[in-house]
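Novice: These protein sequence lines map, in sequence, to chains A, B and C. Everything in the first sequence is counted per the working numbering, starting at 1 for the first residue and increasing by one. Everything in the second sequence is counted per the working numbering, starting at 1 for the first residue and increasing by one. Everything in the third sequence is counted per the working numbering, starting at 1 for the first residue and increasing by one.
Derived from the structure by calculation, the hints contain no laboratory data. One should not assume that every hint holds.
Note that identical chains are pooled: a pair holds if it fits in a single copy or bridges any two copies.
Unchecked claim - Here are the simulated BS3-like cross-link-like pairs (lysine-lysine), alpha carbons at most 30 angstroms apart as the crow flies: (1) 162 to 18; (2) 13 to 198; (3) 18 to 225; (4) 18 to 219; (5) 219 to 83; (6) 243 to 225; (7) 13 to 243; (8) 227 to 162; (9) 219 to 162; (10) 83 to 225; (11) 243 to 162; (12) 253 to 243; (13) 137 to 225; (14) 227 to 83; (15) 13 to 83; (16) 243 to 197; (17) 227 to 13; (18) 162 to 225; (19) 219 to 197; (20) 219 to 13; (21) 253 to 162; (22) 198 to 18.
Predicted, not measured: the structure shown is a model, and the values here were computed from it.
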Amino acid sequence: MMFNDLNVRVSAKASIGKNVRIGDNTVVFDNVVIEDNATIAHNCVIGEPQNEYYSNPVYENPLTVVGSNSLIRSHTIIYAGNKLGENVSIGHRVTLRENNLIGHHTVIGTLSDIQGNVAIGNYCRLHSYVHISQFSKICNFVFIFPNVVLTNDPYPPSYDLKGGTIGDYTIVAAHSIILSGIEVGENCLVGANSVIKKNVPDYSLVMGNPAELVMDIRKYVILGKGKLYPWMYRFSKGMPWEKIGYEAWLGEKDMADEQ
Amino acid sequence: MMFNDLNVRVSAKASIGKNVRIGDNTVVFDNVVIEDNATIAHNCVIGEPQNEYYSNPVYENPLTVVGSNSLIRSHTIIYAGNKLGENVSIGHRVTLRENNLIGHHTVIGTLSDIQGNVAIGNYCRLHSYVHISQFSKICNFVFIFPNVVLTNDPYPPSYDLKGGTIGDYTIVAAHSIILSGIEVGENCLVGANSVIKKNVPDYSLVMGNPAELVMDIRKYVILGKGKLYPWMYRFSKGMPWEKIGYEAWLGEKDMADEQ
Amino acid sequence: MMFNDLNVRVSAKASIGKNVRIGDNTVVFDNVVIEDNATIAHNCVIGEPQNEYYSNPVYENPLTVVGSNSLIRSHTIIYAGNKLGENVSIGHRVTLRENNLIGHHTVIGTLSDIQGNVAIGNYCRLHSYVHISQFSKICNFVFIFPNVVLTNDPYPPSYDLKGGTIGDYTIVAAHSIILSGIEVGENCLVGANSVIKKNVPDYSLVMGNPAELVMDIRKYVILGKGKLYPWMYRFSKGMPWEKIGYEAWLGEKDMADEQ
Numbered sequence: 001m002m003f004n005d006l007n008v009r010v011s012a013k014a015s016i017g018k019n020v021r022i023g024d025n026t027v028v029f030d031n032v033v034i035e036d037n038a039t040i041a042h043n044c045v046i047g048e049p050q051n052e053y054y055s056n057p058v059y060e061n062p063l064t065v066v067g068s069n070s071l072i073r074s075h076t077i078i079y080a081g082n083k084l085g086e087n088v089s090i091g092h093r094v095t096l097r098e099n100n101l102i103g104h105h106t107v108i109g110t111l112s113d114i115q116g117n118v119a120i121g122n123y124c125r126l127h128s129y130v131h132i133s134q135f136s137k138i139c140n141f142v143f144i145f146p147n148v149v150l151t152n153d154p155y156p157p158s159y160d161l162k163g164g165t166i167g168d169y170t171i172v173a174a175h176s177i178i179l180s181g182i183e184v185g186e187n188c189l190v191g192a193n194s195v196i197k198k199n200v201p202d203y204s205l206v207m208g209n210p211a212e213l214v215m216d217i218r219k220y221v222i223l224g225k226g227k228l229y230p231w232m233y234r235f236s237k238g239m240p241w242e243k244i245g246y247e248a249w250l251g252e253k254d255m256a257d258e259q
Numbered sequence: 001m002m003f004n005d006l007n008v009r010v011s012a013k014a015s016i017g018k019n020v021r022i023g024d025n026t027v028v029f030d031n032v033v034i035e036d037n038a039t040i041a042h043n044c045v046i047g048e049p050q051n052e053y054y055s056n057p058v059y060e061n062p063l064t065v066v067g068s069n070s071l072i073r074s075h076t077i078i079y080a081g082n083k084l085g086e087n088v089s090i091g092h093r094v095t096l097r098e099n100n101l102i103g104h105h106t107v108i109g110t111l112s113d114i115q116g117n118v119a120i121g122n123y124c125r126l127h128s129y130v131h132i133s134q135f136s137k138i139c140n141f142v143f144i145f146p147n148v149v150l151t152n153d154p155y156p157p158s159y160d161l162k163g164g165t166i167g168d169y170t171i172v173a174a175h176s177i178i179l180s181g182i183e184v185g186e187n188c189l190v191g192a193n194s195v196i197k198k199n200v201p202d203y204s205l206v207m208g209n210p211a212e213l214v215m216d217i218r219k220y221v222i223l224g225k226g227k228l229y230p231w232m233y234r235f236s237k238g239m240p241w242e243k244i245g246y247e248a249w250l251g252e253k254d255m256a257d258e259q
Numbered sequence: 001m002m003f004n005d006l007n008v009r010v011s012a013k014a015s016i017g018k019n020v021r022i023g024d025n026t027v028v029f030d031n032v033v034i035e036d037n038a039t040i041a042h043n044c045v046i047g048e049p050q051n052e053y054y055s056n057p058v059y060e061n062p063l064t065v066v067g068s069n070s071l072i073r074s075h076t077i078i079y080a081g082n083k084l085g086e087n088v089s090i091g092h093r094v095t096l097r098e099n100n101l102i103g104h105h106t107v108i109g110t111l112s113d114i115q116g117n118v119a120i121g122n123y124c125r126l127h128s129y130v131h132i133s134q135f136s137k138i139c140n141f142v143f144i145f146p147n148v149v150l151t152n153d154p155y156p157p158s159y160d161l162k163g164g165t166i167g168d169y170t171i172v173a174a175h176s177i178i179l180s181g182i183e184v185g186e187n188c189l190v191g192a193n194s195v196i197k198k199n200v201p202d203y204s205l206v207m208g209n210p211a212e213l214v215m216d217i218r219k220y221v222i223l224g225k226g227k228l229y230p231w232m233y234r235f236s237k238g239m240p241w242e243k244i245g246y247e248a249w250l251g252e253k254d255m256a257d258e259q
């Protein structure tokens with residue numbers, strides 16, 4: 001009952017690939033490109049016009065791309081100017097404000113709010129209610145858990161908006177806050193409910209308000225489990241090394257990079 | 001203007017009881033049972049197909065039940081496989097992922113996100129933006145306030161997902177986090193913004209990050225008010241002891257249990 | 001493609017001003033007044049009936065007002081009994097429960113949840129996922145950042161609901177909680193992730209759980225920036241002193257007040 005072309009409206013100026021499914025009540029605005037084999041579920045808005053639309057009679061909608069094989073779940077709003085890679089998965093009622101770049105194989109959970117002009121890399125996993133403020137940068141293979149907030153105003157209210165950065169392979173647990181302009185390095189683990197007020201070096205386990213360094217994550221031993229971080233050696237679900245293991249994948253990647 | 005049969009779509013394979021009202025723009029999928037006197041407001045999706053629907057051409061939707069006299073407010077998404085008891089009340093834009101069991105007389109507030117395979121008992125009150133991760137268990141008469149998160153991954157990302165448990169009559173104040181696998185006992189009070197990292201015995205008042213035991217809740221005296229916990233002796237709104245008082249109800253219940 | 005009168009339903013008992021635009025799939029219930037030049041985007045519900053509607057056959061919808069030049073973004077639900085001033089801007093998927101008063105030029109962000117019987121003044125900025133419980137009072141020029149919660153139950157569950165108050169010019173950073181009945185004064189700055197358990201005097205910088213006074217905000221010096229608070233002397237975007245400066249505006253206001 002989901003793909004009946006009931007009340008679906010697709011602009012004549014949109015480009016729809018092969019085998020694309022579009023759910024009932026979904027609207028696709030001008031200058032949207034939906035690549036092959038993507039699924040847009042019901043009640044979505046793809047290419048929601050930017051603010052200027054309300055006042056400028058000759059407004060033209062910026063290019064918006066949903067990559068091939070992506071799945072956009074129901075009730076999601078994707079503003080004009082977003083570029084989503086291939087195999088992206090977006091949860092229910094997500095809001096992607098204007099001009100975000102979202103990498104391949106990245107997942108964004110239910111009710112998350114990506115505020116615009118945000119760069120998110122490949123293979124990231126954002127859980128529910130994640131709020132990323134404008135001008136933030138999330139690198140690759142980053143996990144962000146529910147209710148995490150990245151802020152961008154160092155002394156609110158100000159004109160000096162500056163987003164934070166989260167490095168590759170880093171995990172940010174639920175309810176943590178990363179303050180404006182802060183750089184969290186690669187391979188870090190930020191404990192639940194932390195407030196990150198200063199830069200975090202690579203391989204740090206940090207927690208608390210304000211967050212303090214607990215130890216090098218490579219020395220973190222869990223009783224009966226041993227050393228679990230970096231996590232890529234023990235977890236591969238949905239990752240590019242899923243079939244061959246992280247070391248083998250790294251080796252292949254290094255060889256490819258050298259060529 | 002709410003129940004006009006405008007743009008309502010009900011699968012021929014759904015079962016709709018007596019005096020059921022279904023709001024405009026609502027969709028009811030296959031194998032949904034809506035029991036007598038239930039009200040489904042506008043723009044809801046009842047029986048949203050599970051993931052497999054997108055790829056399996058012979059997918060069959062699991063049974064989904066909305067109990068009698070329940071009220072599902074507008075814009076709510078209830079996935080296939082949920083079983084809701086009688087007199088359940090669900091707020092706006094709630095997301096119930098697949099296969100939750102939700103007891104009688106339970107209330108789930110606006111924008112809450114119940115992630116699937118969760119058991120919630122009778123007479124619970126979940127407020128707004130409550131996030132319950134998969135495999136969690138909420139017993140009966142539990143109050144959970146806004147932005148509380150129950151997590152289920154002990155050392156993310158891992159394959160060892162394990163939900164938490166919250167015992168009967170326990171109250172969890174706003175913004176608290178209960179970590180994976182933790183058991184919070186009965187009759188506890190978790191203060192606002194707490195992070196629960198270890199099991200909490202019955203009758204505990206706990207708070208902080210990490211949460212520590214403050215005192216036995218039965219010894220907690222509020223100036224000018226006296227002892228207020230356990231709360232069942234002073235609060236009965238919407239509870240089964242509303243008309244007779246908690247002690248009398250307990251007595252009746254004990255007699256019934258003995259038979 | 002947004003204002004096509006497609007599936008728009010406006011009650012014959014609603015009053016629609018001049019140059020009002022109403023987006024597709026939006027419903028306007030009885031006794032709603034939409035003043036001149038307001039824009040209601042698509043998929044909104046304006047004047048959502050109060051609870052009684054479901055059971056009272058002679059229910060009459062209370063007066064609901066959207067002020068002139070206001071912009072209500074898509075998927076927002078505004079209950080009956082709300083009164084919104086002029087030039088109000090409401091984000092996507094906001095829920096305004098019944099009987100709130102919202103002042104002129106106030107902005108409420110995506111997914112915020114204003115629980116009803118709340119007073120919000122003029123020129124306030126509420127960011128995303130802000131949860132304001134019933135009976136709270138937000139004065140003028142207040143900034144509230146994502147995931148802030150104002151609670152209203154001093155010893156839950158109780159019948160003694162009492163909202164908090166936030167004074168003029170105060171800023172509450174992300175993830176903070178203001179407990180029931182607390183008064184936060186004017187010109188305060190509440191740090192991220194704070195829990196406010198006691199009243200906060202004017203001009204306080206507070207933070208922590210429980211929040212403690214750090215210093216008088218007027219003495220707060222930021223390296224290389226000097227004294228930045230009160231903020232009105234350095235920030236004017238969207239404020240009534242935008243063109244003339246705060247001091248000049250204050251002077252004009254004082255003169256006007258004297259007459």
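Novice: Have a look at residue 227 and residue 13 and pick one of within, between, both or neither, based on CA distance no larger than 30 angstroms.
Specialist: Result: close neither inside a copy nor across copies, 54 angstroms intra and 52 angstroms inter.
Novice: Please sort residue 227 with residue 162 into within, between, both or neither, judging by C-alpha distance up to 30 angstroms.
Specialist: Between copies only: 20 angstroms across chains, 35 angstroms inside a chain, cut-off 30 angstroms.
Novice: Are the CA atoms of residue 13 and residue 83 at most 30 angstroms apart within a copy, between copies, both, or neither?
Specialist: For residue 13 and residue 83, only the intra-copy Cα distance (17 angstroms) is at most 30 angstroms; the inter-copy one is 39 angstroms.
Novice: Checking residue 83 and residue 225: alpha-carbon separation at most 30 angstroms within a copy, between copies, both or neither?
Specialist: Cα proximity of residue 83 and residue 225: none, with 40 angstroms in one copy and 37 angstroms across.
Novice: Regarding residue 219 and residue 162, is the shortest C-alpha distance of 30 angstroms or less found within a copy, between copies, in both, or in neither?
Specialist: between (33 angstroms within a copy, 24 angstroms between copies)
Novice: Within, between, both or neither: how does the pair residue 13, residue 243 come out at a Cα-Cα threshold of 30 angstroms?
Specialist: neither (40 angstroms within a copy, 41 angstroms between copies)
Novice: Between copies, within a copy, both or neither: which fits residue 13 and residue 198 at Cα up to 30 angstroms?
Specialist: For residue 13 and residue 198, neither the intra-copy (46 angstroms) nor the inter-copy (56 angstroms) Cα distance is at most 30 angstroms.
Novice: I want to check one pair: residue 243 and residue 225. Are their C-alpha atoms no more than 30 angstroms apart within a copy, between two copies, both, or neither?
Specialist: Answer is within: at 23 angstroms inside a copy they meet the 30 angstroms cutoff, but 53 angstroms across does not.
Novice: At 30 angstroms max between alpha carbons, let me know whether residue 162 reaches residue 18 within a copy, between copies, both or neither.
Specialist: For residue 162 and residue 18, neither the intra-copy (40 angstroms) nor the inter-copy (40 angstroms) Cα distance is at most 30 angstroms.
Novice: Could you figure out if residue 219 and residue 197 sit no more than 30 angstroms apart (CA to CA) within one copy, between two copies, both or neither?
Specialist: both (23 angstroms within a copy, 20 angstroms between copies)
Novice: 30 angstroms Cα cut-off: does residue 243 pair with residue 197 within a copy, between copies, both or neither?
Specialist: Result: close neither inside a copy nor across copies, 38 angstroms intra and 34 angstroms inter.
Novice: Using 30 angstroms as the alpha carbon limit, work out where residue 227 and residue 83 are close: within a copy, between copies, both or neither.
Specialist: neither (38 angstroms within a copy, 40 angstroms between copies)
Hint violations for this structure: numbers 1, 2, 3, 4, 5, 7, 10, 14, 16, 17, 20, 21, 22, all remaining hints satisfied.
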